[in-house]
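Q: Protein chains in written order, with full-length UniProt numbering: chain P, 1 to 473; chain X, 1 to 473.
Don't take each hint at face value.
Identical copies look the same in the list; a pair holds intra-copy or inter-copy alike.
To be verified - Restricting the straight-line Cα-Cα distance to at most 35 Å, the calculated cross-link-like pairs of lysine-lysine (DSBU-like) are:
{"id": "1", "residue 1": "Lys292", "residue 2": "Lys35"}
{"id": "2", "residue 1": "Lys41", "residue 2": "Lys275"}
{"id": "3", "residue 1": "Lys292", "residue 2": "Lys41"}
{"id": "4", "residue 1": "Lys68", "residue 2": "Lys148"}
{"id": "5", "residue 1": "Lys310", "residue 2": "Lys278"}
{"id": "6", "residue 1": "Lys175", "residue 2": "Lys272"}
{"id": "7", "residue 1": "Lys310", "residue 2": "Lys41"}
For the record, the hints were derived by calculation from the structure and aren't laboratory data.
Number of protein chains: 2
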Amino acid sequence: MVNAKDVPENLEWSINVTDGTKQVVAVPELRLVNKVWLGSKSVVGGLILTVWRFLVKAWNLGVAEPKKVIHAVKVGLALTIVSLCYYIRSLYEGVGGNAMWAVMTVVVVFESSVGATLYKSINRVTATFLAGSLGLGVHWISYKAGEKFEPIIIGISVFFLASAATFSRFIPSVKSRFDYGALIFILTFSLVSVSGYRVDGISELAFQRLSTIFIGTSFCILISILFYPTWAGAELHRLIYRNLEKLADSLDGYVIEYFDYEAVAEDSNHTKAMKGYKYVLDSKATEDNLAKFARWEPAHGCFNFQHPWKQYLKIGASIRSSAYCIEALSGCMDSEIQAPGIGYLKKHVSNACKTMNKFSSDILRELAITLKTMTKSSQMGSLVREMNIAVQQLQISLRSIPNCLIAPTSEDTTDEPSRKTCITPLVEVIPLTTFVSLLIENAARINGIVDAVNELAGMVDMKHGNSNAKTTQ
Amino acid sequence: MVNAKDVPENLEWSINVTDGTKQVVAVPELRLVNKVWLGSKSVVGGLILTVWRFLVKAWNLGVAEPKKVIHAVKVGLALTIVSLCYYIRSLYEGVGGNAMWAVMTVVVVFESSVGATLYKSINRVTATFLAGSLGLGVHWISYKAGEKFEPIIIGISVFFLASAATFSRFIPSVKSRFDYGALIFILTFSLVSVSGYRVDGISELAFQRLSTIFIGTSFCILISILFYPTWAGAELHRLIYRNLEKLADSLDGYVIEYFDYEAVAEDSNHTKAMKGYKYVLDSKATEDNLAKFARWEPAHGCFNFQHPWKQYLKIGASIRSSAYCIEALSGCMDSEIQAPGIGYLKKHVSNACKTMNKFSSDILRELAITLKTMTKSSQMGSLVREMNIAVQQLQISLRSIPNCLIAPTSEDTTDEPSRKTCITPLVEVIPLTTFVSLLIENAARINGIVDAVNELAGMVDMKHGNSNAKTTQ
Numbered sequence: 001m002v003n004a005k006d007v008p009e010n011l012e013w014s015i016n017v018t019d020g021t022k023q024v025v026a027v028p029e030l031r032l033v034n035k036v037w038l039g040s041k042s043v044v045g046g047l048i049l050t051v052w053r054f055l056v057k058a059w060n061l062g063v064a065e066p067k068k069v070i071h072a073v074k075v076g077l078a079l080t081i082v083s084l085c086y087y088i089r090s091l092y093e094g095v096g097g098n099a100m101w102a103v104m105t106v107v108v109v110f111e112s113s114v115g116a117t118l119y120k121s122i123n124r125v126t127a128t129f130l131a132g133s134l135g136l137g138v139h140w141i142s143y144k145a146g147e148k149f150e151p152i153i154i155g156i157s158v159f160f161l162a163s164a165a166t167f168s169r170f171i172p173s174v175k176s177r178f179d180y181g182a183l184i185f186i187l188t189f190s191l192v193s194v195s196g197y198r199v200d201g202i203s204e205l206a207f208q209r210l211s212t213i214f215i216g217t218s219f220c221i222l223i224s225i226l227f228y229p230t231w232a233g234a235e236l237h238r239l240i241y242r243n244l245e246k247l248a249d250s251l252d253g254y255v256i257e258y259f260d261y262e263a264v265a266e267d268s269n270h271t272k273a274m275k276g277y278k279y280v281l282d283s284k285a286t287e288d289n290l291a292k293f294a295r296w297e298p299a300h301g302c303f304n305f306q307h308p309w310k311q312y313l314k315i316g317a318s319i320r321s322s323a324y325c326i327e328a329l330s331g332c333m334d335s336e337i338q339a340p341g342i343g344y345l346k347k348h349v350s351n352a353c354k355t356m357n358k359f360s361s362d363i364l365r366e367l368a369i370t371l372k373t374m375t376k377s378s379q380m381g382s383l384v385r386e387m388n389i390a391v392q393q394l395q396i397s398l399r400s401i402p403n404c405l406i407a408p409t410s411e412d413t414t415d416e417p418s419r420k421t422c423i424t425p426l427v428e429v430i431p432l433t434t435f436v437s438l439l440i441e442n443a444a445r446i447n448g449i450v451d452a453v454n455e456l457a458g459m460v461d462m463k464h465g466n467s468n469a470k471t472t473q
Numbered sequence: 001m002v003n004a005k006d007v008p009e010n011l012e013w014s015i016n017v018t019d020g021t022k023q024v025v026a027v028p029e030l031r032l033v034n035k036v037w038l039g040s041k042s043v044v045g046g047l048i049l050t051v052w053r054f055l056v057k058a059w060n061l062g063v064a065e066p067k068k069v070i071h072a073v074k075v076g077l078a079l080t081i082v083s084l085c086y087y088i089r090s091l092y093e094g095v096g097g098n099a100m101w102a103v104m105t106v107v108v109v110f111e112s113s114v115g116a117t118l119y120k121s122i123n124r125v126t127a128t129f130l131a132g133s134l135g136l137g138v139h140w141i142s143y144k145a146g147e148k149f150e151p152i153i154i155g156i157s158v159f160f161l162a163s164a165a166t167f168s169r170f171i172p173s174v175k176s177r178f179d180y181g182a183l184i185f186i187l188t189f190s191l192v193s194v195s196g197y198r199v200d201g202i203s204e205l206a207f208q209r210l211s212t213i214f215i216g217t218s219f220c221i222l223i224s225i226l227f228y229p230t231w232a233g234a235e236l237h238r239l240i241y242r243n244l245e246k247l248a249d250s251l252d253g254y255v256i257e258y259f260d261y262e263a264v265a266e267d268s269n270h271t272k273a274m275k276g277y278k279y280v281l282d283s284k285a286t287e288d289n290l291a292k293f294a295r296w297e298p299a300h301g302c303f304n305f306q307h308p309w310k311q312y313l314k315i316g317a318s319i320r321s322s323a324y325c326i327e328a329l330s331g332c333m334d335s336e337i338q339a340p341g342i343g344y345l346k347k348h349v350s351n352a353c354k355t356m357n358k359f360s361s362d363i364l365r366e367l368a369i370t371l372k373t374m375t376k377s378s379q380m381g382s383l384v385r386e387m388n389i390a391v392q393q394l395q396i397s398l399r400s401i402p403n404c405l406i407a408p409t410s411e412d413t414t415d416e417p418s419r420k421t422c423i424t425p426l427v428e429v430i431p432l433t434t435f436v437s438l439l440i441e442n443a444a445r446i447n448g449i450v451d452a453v454n455e456l457a458g459m460v461d462m463k464h465g466n467s468n469a470k471t472t473q
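In isolation and in its complexed conformation, chain P is listed as follows:
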């Protein structure tokens, strides 16, 4: 077979037919077919590969977070159950053919957390009721005003109410609680008042829609609470104590990396743990969202209705404030200069630093356990005291540095060394002192986290625990 590549652009192939004439064979066409075939093969191949990669990614996500698969199955289940309204004749006629609204409600209201589902359900039902009543009122007034004025009155009221409700969605207090409600208010009011112009029996229609929406939201709430519920509050709780653990790991990681670099140089787990603070830096939006939904949730687990979720945002903010400090600390890692005296100085403060930092990260882990188990820690007070003492010790050991600037040379290790006056210039000590002073600043910020968690403990009834965690001394 001739390879398509080898055929020049305008070449014609001919064969001698039995009657002596020549007949042209349509080779260029064959070439085109070949090209199209190859092209479409690569397109289809690429498409299959893309789809395959997408499926692999989806599969990995599902394996990593089975909660998301469960949520998807729950939505499918809720929709299938609500479709029963269509299949069962008595149900379908009971809602006057408005079963569509139940399906629609399930699709838009069912969210991945119970809190979000409740927020949307309550907003939807309330806003539909309010806007429906108002719409009926406007419809009645415009009807009484006569056919000529009807569209004008309805038009003006739709314009003003829709504008006002849209604007109200920008006001922070409305936005955080009733954003979805305002949207549904505009939707229902427009539909009811405008439909009234064409549809007869509008009040029955409004009532039937309200009842189908009620059916839809009830299904959503029941299914989201009864089958493997995902509580926004519990998620927020978990996020906060995991962030505390990540911060403790980062802090430990940086101190080990700085003082005992050789021990962890090639350890990828260590590097990963060190970067944990970055999740903390970026978790504000998630925390805000979860807290917004958590307040709609009923009592669950060890959380009452109206658990002080706002305090979690305060704790989150104080955790982030410590994460900023660690971020600045990470900047010190690169700027280190290996000057002659530095090794000695580093050794001089190393123990005090490590001790202080051990208390800092122990406090963070103890706070994480306090939150995780909702049990007051009996060790917290002593840990904080010891951390503050360690900070003072560190400052004392820094205070004794001017003598150390006159570093002993290696050969003089006898009891009475003849010290050489090789003063290390201040500029070479700065990376070390900056690192240490950021650690001290971080200890102060950790005190802030302790205060925020204590405030939370004052708001809710925490159990008193005897020995929460591994002992720290």
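Given the coordinates of chain P, assemble chain X onto it according to the supplied hints.
A: Same frame as chain P, but now just chain X:
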């Protein structure tokens, strides 16, 4: 009149009637009426006060950000125009009574930025078309399978497609571009396939719905682009250069506060400018959202379609990295100790610090102007060079500190002072050196911002400017 307060609980008032008997007067009832009156007065008063405060807040918001009022009016306008479908008989009958879908589309699709409106509109129309076609296909198959199997086939397909589409919304690549589309896909597919069981002429219905949705989205897109458009891209652009300006103000503020505290002690504007970096810390979620919508927008202003909005996120991240540094800097302000030698030392590095910082904040302001005008700065190269030279100068002036640790006493100001050896302990210099070394670290991070902006300049055609801003020397 008797004051209600003065009447004991069980007291009865009586009067002598002419026939000699006594008659009880219903004073306790009067007291109750009084109580209810007072109570309801305070409730109504409280309600009026709350509503009044809410209105004042809304008014202030409207005055501060007229864009939000304009958006609200635009939504009102779009809804009123779309309602015309109901008022004009020929239009209403043209869409077979499905005008409701146009109203609904306008309410849910009209967002405050053009990009978000386009994102939702395109997602809605595409998803409705795809899901509608698929729904009709499933309806046809189940119809052919016979009345017995119809609900089963429809139920199973709704369950699996809804679950799959819901799960796909968690996959990052789908979530960032087609989240709304996946929701509408589930909605339309369920409605079309399930409705098919009861409604005749389902394909006409599907077509009519698609056309009303098309009408609704067209109105939204036209109105959002034609009347005072708010472009997500332009908003992102503005956010980024304003963050640069805020960062420059904060940086200047902290350096002035540290070295010339007296000059700004009582200046509230100064304190406000200093806190500007906090907006930068919290702006990640807003930036992500705006970038998500900006890529749907057509060319506008100086931005082409497919302007490299992702690069703005990189610039934003590098700006935040500098803001973290300033946050750590703010921690140094409190921990200052006034030791004898510190004043002298502070003076020693003050000029070098201020010079370096002047270049840092000038670079930030120059970057802001570069972005604002989309004009390459001719000074940027020299500014960066001079900042780096200033950093070296600062390090040299730090390097000369060991001599300065022997501070001259106040009485010895002659040409050849007999220096006293009052060595300042290192620990008292640390707050100062930490402050300085964070400033140096910040200069390195500002270099990162310059690189990110240069990358952007390489991606788009920026004009070459001669003299952008105020001269810096």
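Q: To test your reading of the hints: which numbers does this structure violate?
A: 1 and 2
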